[in-house]
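Peer 1: Could you slot chain E onto chain S? The hints should help.
2 protein chains.
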Amino acid sequence: MKYQKTLDHVINELEKISNYNYASSIIYWDLETEAPKEGIEKASQVLGFYSGESYRILTDLEFNKNIDLLLENIDLLDPINKKIIIETKKDIENIKKIPLNEYKEYNELLSKAQSIWAEAREKNNFSLFLPYLKKIITYKQKYVNYKGYNEHPYDALLDDYEPGITVKQLDIFFDNLKNRLVPLILKINKKKNFISNDILKLDYPIEKQKEFSIFIAKYLGFDFKRGLLRESTHPFSMSLNKYDVRMTTRYFLNDLQSSLFGTIHESGHSIYEQNIGEDICKTRLGGGNSMGIHESQSRLYENLIARSMEFWIPIYPKLQETFPENLKDIPLDLFYKAINKSQSDLIRVEADELTYSLHIILRYEIEKELIEGKIIPEDLPKIWNERMEKYLGTVPDSDSNGVLQDVHWAAGLFGYFPSYALGSANASQIMNSMKNKLNVDDILKEGKLEKIKEYLKENIHKFGKLKDPNEIMEIATKEIPNSKYYVDYLIEKYSKLYEI
Amino acid sequence: MKYQKTLDHVINELEKISNYNYASSIIYWDLETEAPKEGIEKASQVLGFYSGESYRILTDLEFNKNIDLLLENIDLLDPINKKIIIETKKDIENIKKIPLNEYKEYNELLSKAQSIWAEAREKNNFSLFLPYLKKIITYKQKYVNYKGYNEHPYDALLDDYEPGITVKQLDIFFDNLKNRLVPLILKINKKKNFISNDILKLDYPIEKQKEFSIFIAKYLGFDFKRGLLRESTHPFSMSLNKYDVRMTTRYFLNDLQSSLFGTIHESGHSIYEQNIGEDICKTRLGGGNSMGIHESQSRLYENLIARSMEFWIPIYPKLQETFPENLKDIPLDLFYKAINKSQSDLIRVEADELTYSLHIILRYEIEKELIEGKIIPEDLPKIWNERMEKYLGTVPDSDSNGVLQDVHWAAGLFGYFPSYALGSANASQIMNSMKNKLNVDDILKEGKLEKIKEYLKENIHKFGKLKDPNEIMEIATKEIPNSKYYVDYLIEKYSKLYEI
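Same order as they appear, the protein sequences are chains S and E. Sequential numbering from 0 applies to the first sequence in numbering that gives the first Met the number 0. Sequential numbering from 0 applies to the second sequence in numbering that gives the first Met the number 0.
Worth flagging that the hints you see were computed from the coordinates, not collected in a lab. Treat the hints loosely; a few may be bogus.
Note that identical chains are pooled: a pair holds if it fits in a single copy or bridges any two copies.
What the hints assert, rightly or not - No more than 20 Å apart at the CA atoms, straight line, and that leaves these computed lysine to any residue pairs for SDA-like:
| no. | residue 1 | residue 2 |
| --- | --- | --- |
| 1 | Lys-15 | Tyr-335 |
| 2 | Lys-15 | Asp-59 |
| 3 | Lys-95 | Lys-317 |
| 4 | Lys-111 | Ile-56 |
| 5 | Lys-447 | Asn-458 |
| 6 | Lys-36 | Ile-213 |
| 7 | Lys-444 | Asn-100 |
| 8 | Lys-450 | Ile-184 |
| 9 | Lys-281 | Ala-34 |
| 10 | Lys-340 | Asn-144 |
| 11 | Lys-177 | Glu-491 |
| 12 | Lys-207 | Tyr-102 |
| 13 | Lys-36 | Glu-277 |
| 14 | Lys-191 | Glu-491 |
| 15 | Lys-447 | Ser-24 |
| 16 | Lys-15 | Gln-44 |
Okay, chain S solo, but in the shape it has when bound (with noise of 0.2 Å):
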């Protein structure tokens, strides 16, 4: 090709920041899993070093130079190569708009309204991160401008996290869940206690947690020669690459369903991080898709297989012979209502599949609403409160459980909530074609799960980032996202569960 040692030239650099990236993932790794106390700060500034280098190269003016070229010659790369220039180019435009010391600025800011958001958490003391707030917004909202957008400032920050995706989209997608579940919802709550999860929150030993942890991993799919499973605060997937994908989970011995729930729906993103193409990776399209994508494996496996019925005939009795004391006589639909109940909770993280999409809208449209200037952040927490009540008919008892319960913000991460929500649409939509295909409720009942990871590989995750989100989803479903088969879904089993 007549433009090959440009392209050499720029495939190297990439390759640079590819391990960049690497050290990046293995020193935050370690932070999260066991890194000592005192070498934080040594390992935040390395990263720092490493995120510093990375903007060198995409701002480097010879590396510009080339990716413009090789845009200008497009057609002759070829497919992988062709996508992984569009990619970078969008990289370098998003790096760009920025002024440097915007930036700089900007991320030492972030680092401090964090530690200022703990406190204020622990301390119920929302006045505390008020003032930081203010400041993430403003950048937000300076942000926003420097990006451009057509019709609503948010687009441009729903963009960073689904490419495409608009508020316009956004508003019919949640209106739908929002007429359709909150009716629901308020039904539920007035049958509070017609199931109990009671038996969830026994004593369960936290070595035989983690036993049951690898086991269903592995039930799975999860490799574990190309894997690891270990505990962290908080639960996350990180890949190195197919052949290194890693995922935590954490414990509690009251509380069965965090490490269960959370093992499996971690499971989902490494699974779909395992399978990606060999063709693509070792390129920097060789990770798992937008997080709208990423989220619709997690909660595909998390809710939509492993808190179905069909599941657990299968590996029920395993459950039960490793916690004899609180299962031996638990029946499974007894053992399934329970995983599966019900109850508007005041924490995102822990609310189960049903309410989890109010607790997004009212983040979307709170989020929506600051960044156009309509709302202002000192009226947040009477805002909250006020939308919990409506959507989920409960209010907090507190700013720390209202509020200050998530890190989002202080993070900076403005437009990533709706992704979560997208993910859980995604998932019934996929889980509705596969039906199609595959008798999923025999291969459940058969405990035959390879057949669903090699379905799933065929039909999403060889495809890495090499097909836009909504280019997957035609793939596998044959249609654009859309909310239908998710709400229909909920619907159907709550209104069963809760015979409403």
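Peer 2: Structure of chain E alone, referenced to chain S:
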């Protein structure tokens, strides 16, 4: 200062190398402690990348010009920066002498040689390893000529590990050891079962060993807020900086000594690293000194302290409580004898305090003669076995337990072995000096280990790499390194133990 800008540039570049080293260390730690098997290949590539980046900086023209400019004006610098520039220049000189392509070829050779060596050892087949060993020796002979030396070619290799030490000095050092220790060892061989360590080979539950390892590391003064203790195939210590010092040990059900003295040995290294002075800890001088100094600290803790009777007086009851099935009825003096049993074993890493240095002498002599061409690699198995008989009175049953037992030659580490013996000698010399200032026996009996840690910090640890090894020995002992105290100590201890 007139050259402040030049100095700033150099320090900035060295900071980059430090960040590359930080990443490499964490990746190495991860590989040794938990990385999944299939991820190793990519990790090795990334390690190669970072070592290349450091090479690039050290051979960069502008960087070299700046270093030379600072060297010409060295007296304008404060002592710390002075030493930093001098040490950096040494690294540059070393790295520059070898043509880049040879250096790369050699590194590839080593990575192959190590896996072939492992195979050869497993199959007890020296001839498999022989062609690789020959190439490595040829490279080393070339390297010696690139580097230059005054008297003996082996001096050039020794200098990489113990700057300034020569064959001339070592011959005297080892002759003293050989002449005085070999007769004692041969006498002890005749009293083979005079002391038994069978009690240390009962079932010691791993979880309990882990518990006691943590206890003993803390007891010695290892600070867990600034460090970790984990498990790996071969125990090692690793310092990211004084705020994050990590070590490993290994656990065998039927060998209490392995985890116990492994942990104590590594604690010696790690306490050293945690005690580096605040003024240098963020510079390239902020790590422990040469191997002869570093091993003096690990061996001082492992042997002179933890293999003494006094050390166990306050904590032997705790050990008995941890393993009551095995030790409840074993009095301290029997335990003391067991941990000090001397035995002419085949394997260096399992050797006791007395016979250890004979294993080193054997390797030292062979390496010296290989490099000067007095012996050829083909004859190694024969020569090895003859000298084992001469020095230790025992003949290997196989090459796997003989000439193939150590990885060092496959890893290109010629000149490294003598430091192990120097470390032991330094330890005795330091202990002798410490006993003139502190009542060490009383301190041990009272369990006040922090006093010893404090003494070592003030006299050795805090200097990091700011002083040369000989300077440190002079500060700590008012003498240059010598083998007198070491041999005296061994002869006194083992004559008494074996009633000879």
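Peer 1: Taking the hints in turn, state whether each one holds.
Peer 2: Hint by hint, here is what the structure shows:
{"no.": "1", "hint": "Lys-15 / Tyr-335", "verdict": "neither (49 Å within a copy, 55 Å between copies)"}
{"no.": "2", "hint": "Lys-15 / Asp-59", "verdict": "both (13 Å within a copy, 18 Å between copies)"}
{"no.": "3", "hint": "Lys-95 / Lys-317", "verdict": "neither (55 Å within a copy, 63 Å between copies)"}
{"no.": "4", "hint": "Lys-111 / Ile-56", "verdict": "neither (27 Å within a copy, 33 Å between copies)"}
{"no.": "5", "hint": "Lys-447 / Asn-458", "verdict": "within (18 Å within a copy, 65 Å between copies)"}
{"no.": "6", "hint": "Lys-36 / Ile-213", "verdict": "between (28 Å within a copy, 17 Å between copies)"}
{"no.": "7", "hint": "Lys-444 / Asn-100", "verdict": "neither (57 Å within a copy, 60 Å between copies)"}
{"no.": "8", "hint": "Lys-450 / Ile-184", "verdict": "neither (34 Å within a copy, 66 Å between copies)"}
{"no.": "9", "hint": "Lys-281 / Ala-34", "verdict": "between (28 Å within a copy, 18 Å between copies)"}
{"no.": "10", "hint": "Lys-340 / Asn-144", "verdict": "neither (44 Å within a copy, 76 Å between copies)"}
{"no.": "11", "hint": "Lys-177 / Glu-491", "verdict": "within (16 Å within a copy, 86 Å between copies)"}
{"no.": "12", "hint": "Lys-207 / Tyr-102", "verdict": "neither (46 Å within a copy, 51 Å between copies)"}
{"no.": "13", "hint": "Lys-36 / Glu-277", "verdict": "between (38 Å within a copy, 18 Å between copies)"}
{"no.": "14", "hint": "Lys-191 / Glu-491", "verdict": "within (19 Å within a copy, 80 Å between copies)"}
{"no.": "15", "hint": "Lys-447 / Ser-24", "verdict": "neither (33 Å within a copy, 41 Å between copies)"}
{"no.": "16", "hint": "Lys-15 / Gln-44", "verdict": "both (19 Å within a copy, 11 Å between copies)"}
Of the numbered hints listed earlier, those contradicted by the structure are 1, 3, 4, 7, 8, 10, 12 and 15.
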